[in-house]
Amino acid sequence: MGNQKCFHCGDDCAREHVRFDERDFCCNGCKTVYEIFESNDLSYYYDLQSAAGATPKLVEGKYDFLDTPSIVEKLTEFNDGHLQIITLYIPHIHCSSCIWALENLNKLNPFISSSVVDFPKKTLRVNYDVSKISLKELVILLVRIGYEPYISLDDIENKKKGVDRSLIYKLGVAGFAFGNVMFLSFPDYFDLSSSAADGGEFWLNKYESVFRWLMFAFSLPVVFYAGSDYFVSAFKGIRSKMLNIDLPIALGILVLFLRSTLEILFDWGNGFFDSLTGLVFFLLLGRFFQQKTYSFLSFERDYKSYFPIAITRILADGKEESVQVNEIKQGDRLLIRNEELIPVDGILVEGDAQIDYSFVTGESEPIKKGFGDKVFAGGKQLRGSIEIEALKSVSQSYLTQLWSNSIFQQDKASRFQTLTDSIGKRFTLVVLSIAFVAASFWLYYEPTMALNVFTAVLIIACPCAIALASPFTLGNMLRIFGRKKFYLKDSQTIEQLAQLNTAIFDKTGTLTTPTKHTATYEGMPLTDEETSLLKNTLRSSNHPLSRTLYNVLAEQNIYTLDDYEEHTGQGLKGSKNGSQIKVGSAEFVGDHQVSEGLNTSVHISSNDDYKGKYIFHSRYRPGVSKVFDEMSKTMDLAVVSGDNEGEKERLAQLLPKLTPLYFDQKPRDKLEFVKALQDQGRKVMMVGDGLNDAGALAQAEVGIAISENVNVFSPACDGILDASKFDQLYHYILASKKAMNIIKFSFALSLAYNLVGLYFAITGQLQPVIAAILMPLSSISVVAFTTIATNLLGKNLK
Amino acid sequence: MSVIYVLLTISIVVAVIFFAAFIISVRSGQYDDSYTPSVRMLFEDELVKSKKTSSTQSDSNQIQLKD
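As you go down the protein sequences, you meet chains A and B in turn. According to the working numbering, numbering within the first sequence proceeds without interruption in unit steps and concludes at 798. According to the working numbering, numbering within the second sequence proceeds without interruption in unit steps and concludes at 865.
Only chain A is shown next, with the shape it has when bound in the complex:
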């Protein structure tokens, strides 16, 4: 027993073993899904990937809100009363079996005309006949086969944005024009058209203007469409009195275009159309490379992504109705079913609540609440249904009002000047002054050359290589980090990482693992017999604390108890051969003197004699001490926790001496804490995991969310770090610093090229072919250098 794996979901079959069709299942739910697949010719599902399924969890009434037409209207993409199209986010999509099963939905229900999976985004787009199958029925069908869609408040408030493909179009236009212009420049490269007298090819020479004007035509869309972003950005920069790197680029493009046009207009030469189109193409390529996105992750989530769309409201006459979450008013009586999220702060008026606040705090231990207790928004009810009376509206609840802080309206990118921009500023000034000095020299010496030299300087000094160094280095680092399970929002985050000097950590769920706990015993030692009885009593209980304690205790013989009672919210009682044991709260086991400490504990009494208690500790992640030791050498560290001080001593032992520890911090306090540090000029990193850290994550220069499973939800942040890589955090910061050095090196490299080019430009010898060679050469060598250097850097990371 215990070794058989469920044929459907791969879990252990220990608890509830179901045998069906000569296969093992862990529960009836999994068996039902198997039956559905088997009877509808979908058993190929199990051939593709074994144990790919998920246990279906169908909660009665959970999707009642999908009967409300106004909600359906907002969720669907297309609806004509007959055909409806909807895109659903299904977190469980993880393998080819999932794609196959979901794309064969029409076999389960003929009124579904088509269903298409987008695997990286984990979405399913379904076309179905709404007159035959409603959205609710569709969703329930998905739930029944273990693919529960996640429908949140976010889906209804933010209409899906169209995919932005403009960069691909621009890249296509620039590449197309670049290729053709290169092709049309060939006569010039081979100097065939120089002149008929020099032995040039007669008929190429004769049709010279055709080639030139064709090149001109090709360059038009490149300058005015593909390169338009640079003009816009440069213009914005000037207007806000900031010289960014896009200004010299825009200047370069413009001067290249104007000078080339003048050259062909007055028959001075062939122009620089090849360099122009090539420049724009390479720049856009860099931009494209930098734009690495993890489509399966979201860095922008706020509480709306967690909250349900609708909840059941109980009217005065006892009737139930589905109401949108934002329409909940103070005083409304709400029914929270099993596994549902509490959307507003409220008072518990009926039922026993077991609330899991792991979304909020990262602590997975459910909290017990009784009649009249206050429950906070964001908690998930775990057992049975409860009724609460709303105290506030959704946006004013304890947790959600955090989002009214102005920090969530600001764009982080606008608060930060990148290294490229700060170098671009000086660069622009230097280039412009060189251009003017050279031009005025030639104006005095040989006036006809002045314009030539002036434009040549601007053309050759166009910081193509500089503009490419940063996208390619950071874009590559982003990919390397991604492979190491450290997912960053954008390349700018790497620059910010490199500048950090302070790191703030949340405790619960960040330094501790939310899933594993340990327990230590205090009190009179238990006899072997008592331990054995204790373990057997615990075996029958499903309470999370019982499960933990059961796993902590040594292996015992399994026997059947004579008597077993579970008192919800209080404890367990078990007896065998006349001896009896009680586990639970101090009051339950019959001891009234023992005060409940700050830590979660479970008390034991044997035959009504008080024995002692087990104190539960959350287990710290492996490597916490190591990370803190390493980081404390170069950074200031602190721990800011929303919990009480119960763990203070244990934590202090683990961390370097004198690490500041703050407890009982509200979500808002964490935000203010980070802000106060920033006001002292510090660059702060916040490492957290729950929604209660969301404010601090947004306020900090870099907010990193630790996640046990990157596919499930994490609050809005700049980066998501897989929990298994926590001990590598400092190495990632160091790598970011090294990446910035690589960029600086490549700046030096491209400056060297620019100096060579400037020599040609100032002396008035810039030929189109020199520009055509020098520009791609410098770009390619910078790209090659950064790629090789970052890959070497990535090799040293674990």
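Quick caveat, the hints were computed from the structure, so don't treat them as lab data. All values derive from a computational prediction rather than experimental measurement. There may be inaccurate statements among the hints.
[What the hints assert, rightly or not] To be clear about the criterion: a stretch of chain B counts as covered by chain A if any three or more of its residues have a C-beta under 8 Å from a C-beta of chain A, and this derived list gives those stretches:
| hint | region |
| --- | --- |
| 1 | 800-811 |
| 2 | 818-829 |
[Claimed, not checked] Heads up, incomplete: computed chain A residues facing chain B, CB under 10 Å, no partners named:
| hint | residue |
| --- | --- |
| 3 | Y44 |
| 4 | V116 |
| 5 | V117 |
| 6 | K121 |
| 7 | R165 |
| 8 | I168 |
| 9 | G172 |
| 10 | G179 |
| 11 | L214 |
| 12 | F216 |
| 13 | F218 |
[Unchecked claim] Derived SDA-like pairs (lysine to any residue); straight-line CA-CA distance at most 20 Å:
| hint | chain 1 | residue 1 | chain 2 | residue 2 |
| --- | --- | --- | --- | --- |
| 14 | A | K206 | B | L806 |
| 15 | A | K121 | B | Y833 |
| 16 | A | K206 | B | T807 |
| 17 | A | K121 | B | I802 |
| 18 | A | K122 | B | M839 |
| 19 | A | K122 | B | D831 |
| 20 | A | K62 | A | F190 |
| 21 | A | K206 | B | I802 |
| 22 | A | K121 | B | R825 |
| 23 | A | K122 | B | Y829 |
| 24 | A | K121 | B | Y829 |
| 25 | A | K206 | B | V804 |
| 26 | A | K573 | A | G590 |
| 27 | A | K122 | B | T834 |
| 28 | A | K122 | B | F841 |
| 29 | A | K107 | B | R838 |
| 30 | A | K122 | B | Y833 |
| 31 | A | K121 | B | R838 |
| 32 | A | K206 | B | V801 |
| 33 | A | K107 | B | F841 |
| 34 | A | K121 | B | G827 |
Cβ atoms here follow ideal geometry from the backbone N, Cα and C, with glycine treated the same way.
On the provided structure of chain A, position chain B as indicated by the hints.
Here is chain B on its own, set in the frame of chain A:
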């Protein structure tokens, strides 16, 4: 008219055709999801095979949603 006009026209027309094909493919969303199609294309054969083996019972076992 010189032959070079013809040649240039042909070369540009060919290039424009490819460019148009690229634009159409981007517009149709072909580059939005570059992973799923690579998995999907491997399904078809197996699907036909499994259909043949037990196609008799498929209609009778349509699952009921309302319960």
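field: Indices of hints not satisfied (ascending)
entry: Numbers 12, 17 and 20, in rising order.
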